[in-house]
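Asks: Chain by chain, the residues:
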Amino acid sequence: MDLYAIIFYLFAVITLGSATIVVFSKNVVYSAFALLFALFGVAGLYVLLMADFLAITQLLVYVGGILVLVLFGVMLTTKVFDVQMKTKTIQMVPAVAILGLLSGTIVGVFWSTDWYISENPIDVAKTAPQIGNMLLTTYLLPFEIASVVLLVALIGAAMIARRERKG
Amino acid sequence: MLDNYIPIFLMIAVGVLFGIIMVKLNEWLGPKRPSEEKLTTYESGMEPVRTARERFSVKFYLVAVLFILFDIEVVFLYPWAVSFKSLGWLGFVTMTVFVVILFLGFVYVWRKGALEWD
Chain Z
1 MDLYAIIFYL FAVITLGSAT IVVFSKNVVY SAFALLFALF GVAGLYVLLM
51 ADFLAITQLL VYVGGILVLV LFGVMLTTKV FDVQMKTKTI QMVPAVAILG
101 LLSGTIVGVF WSTDWYISEN PIDVAKTAPQ IGNMLLTTYL LPFEIASVVL
151 LVALIGAAMI ARRERKG
Chain X
1 MLDNYIPIFL MIAVGVLFGI IMVKLNEWLG PKRPSEEKLT TYESGMEPVR
51 TARERFSVKF YLVAVLFILF DIEVVFLYPW AVSFKSLGWL GFVTMTVFVV
101 ILFLGFVYVW RKGALEWD
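Same order as they appear, the protein sequences are chains Z and X. Going left to right, the first sequence walks through residues 1 to 167 as the working numbering numbers them. Going left to right, the second sequence walks through residues 1 to 118 as the working numbering numbers them.
Honestly, the hints are just simulated from the structure, not real lab data. Even glycine gets a Cβ: it sits at the ideal position worked out from N, Cα and C. You may find that some hints are simply not true.
To be verified - List time: in silico DSSO-like cross-link candidates among lysine-lysine, alpha-carbon distance up to 30 Å: (1) X:112 <-> Z:26; (2) Z:126 <-> Z:26; (3) X:112 <-> X:59; (4) Z:126 <-> X:59.
Unchecked claim - Covered by chain X, according to a simulated footprint, are these stretches of chain Z (three or more residues, beta-carbon under 8 Å): (5) 30-40; (6) 47-58; (7) 91-97; (8) 102-113.
What the hints assert, rightly or not - Partial chain X-side listing against chain Z, Cβ under 7 Å, derived: (9) 18; (10) 22; (11) 82.
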């Protein structure tokens, strides 16, 4: 097993282990903190896939932003420390059916897809300049629409603020 | 290409190990003569007044939402800045449109008073 594989399994264990804690922890605050390591592990996997810009974005937006949002969301919850999360299994039959369907779909897609494997992996080094070029030429319209989407979100945030002041 | 990340991995490894070793060394080597005052929660020198387990104001949440939105804007700026020279004036104009649209939102949020604390 070479170093690459060791690092991959390290990040995979970090991601899956933390994700397990997120799902099974009875304390919602622990769940939120475990999410930090799950998201960080995914960023490490992106680095291993040579998607360095995606990894940085993952760190900036998910670890730095979304996670803070989730934590504040948890802190806003009433009686966050007293609530006992129910993690026992209910609705066994529908759950198994849906799980089987979902994982069957994923595995099916995984096997039936003709994965593109670059013959020259060094090609994808320095992804940020290429993303910048594509974003401002080929994908210009989605790029500008993204700003409108962000504008809508900003206006929505301002609406929350106004409601807070009234109450 | 992954060679570039070796310093980062080393940095993380050293950081984690240093944190663990220092705390554990303290625990093993330090003398333990606890008193009631020493065992109170450390609050940067302040007397702890009440439980920390209380609900936060929704104002924090709003700040976090605004932070993420402008965070994403910065993420979009970064690839543009890296390939700024090859994109030329066209890239400059399109990015200006992008930033102006977001600036409108910023002005709206400011005028609505969402940036004020109370």
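Asks: Could you run down the list of hints and mark each one as holding or not?
Replies: Taking the hints in turn, this is what the structure says about them:
A threshold of 30 Å between alpha carbons decides the hint, and for residue 112 of chain X with residue 26 of chain Z the separation of about 39 Å lies outside it, so the pair is violated. Our distance criterion of 30 Å between C-alpha atoms is broken by residue 126 of chain Z and residue 26 of chain Z, whose separation comes to about 42 Å. Proximity of residue 112 of chain X to residue 59 of chain X is assessed by CA-CA distance (about 14 Å); at most 30 Å being required, the pair is judged to hold. For a cut-off of 30 Å, the pair hint linking residue 126 of chain Z to residue 59 of chain X is broken: about 39 Å separates their Cα positions.
For the segment 30-40 of chain Z, the stated coverage by chain X is not satisfied: 0 residues place a CB nearer than 8 Å to a CB of that chain, which falls below the threshold of 3. As drawn, the segment 47-58 of chain Z meets chain X at 6 residues by the rule of a beta-carbon pair under 8 Å; at three or more, the given contact holds. Using a Cβ-Cβ cut-off of 8 Å, 0 residues of the segment 91-97 of chain Z lie near chain X, which falls short of the minimum of three, so the contact claim is violated. Requiring three or more residues with a Cβ within less than 8 Å of a Cβ of chain X, the coverage given for the segment 102-113 of chain Z is violated, as only 0 such residues are present.
Restraint check, residue 18 of chain X versus chain Z: the minimum CB separation of about 18 Å is more than 7 Å; hint violated. Violation of the interface hint for residue 22 of chain X is found here, the shortest Cβ-Cβ separation to chain Z being roughly 21 Å, above the 7 Å cut-off. Interface restraint check for residue 82 of chain X: the shortest CB-CB distance to chain Z comes to about 5 Å, inside 7 Å, so the restraint holds.
Checked against the numbered hints above, the structure violates hints 1, 2, 4, 5, 7, 8, 9 and 10; every other hint is satisfied.
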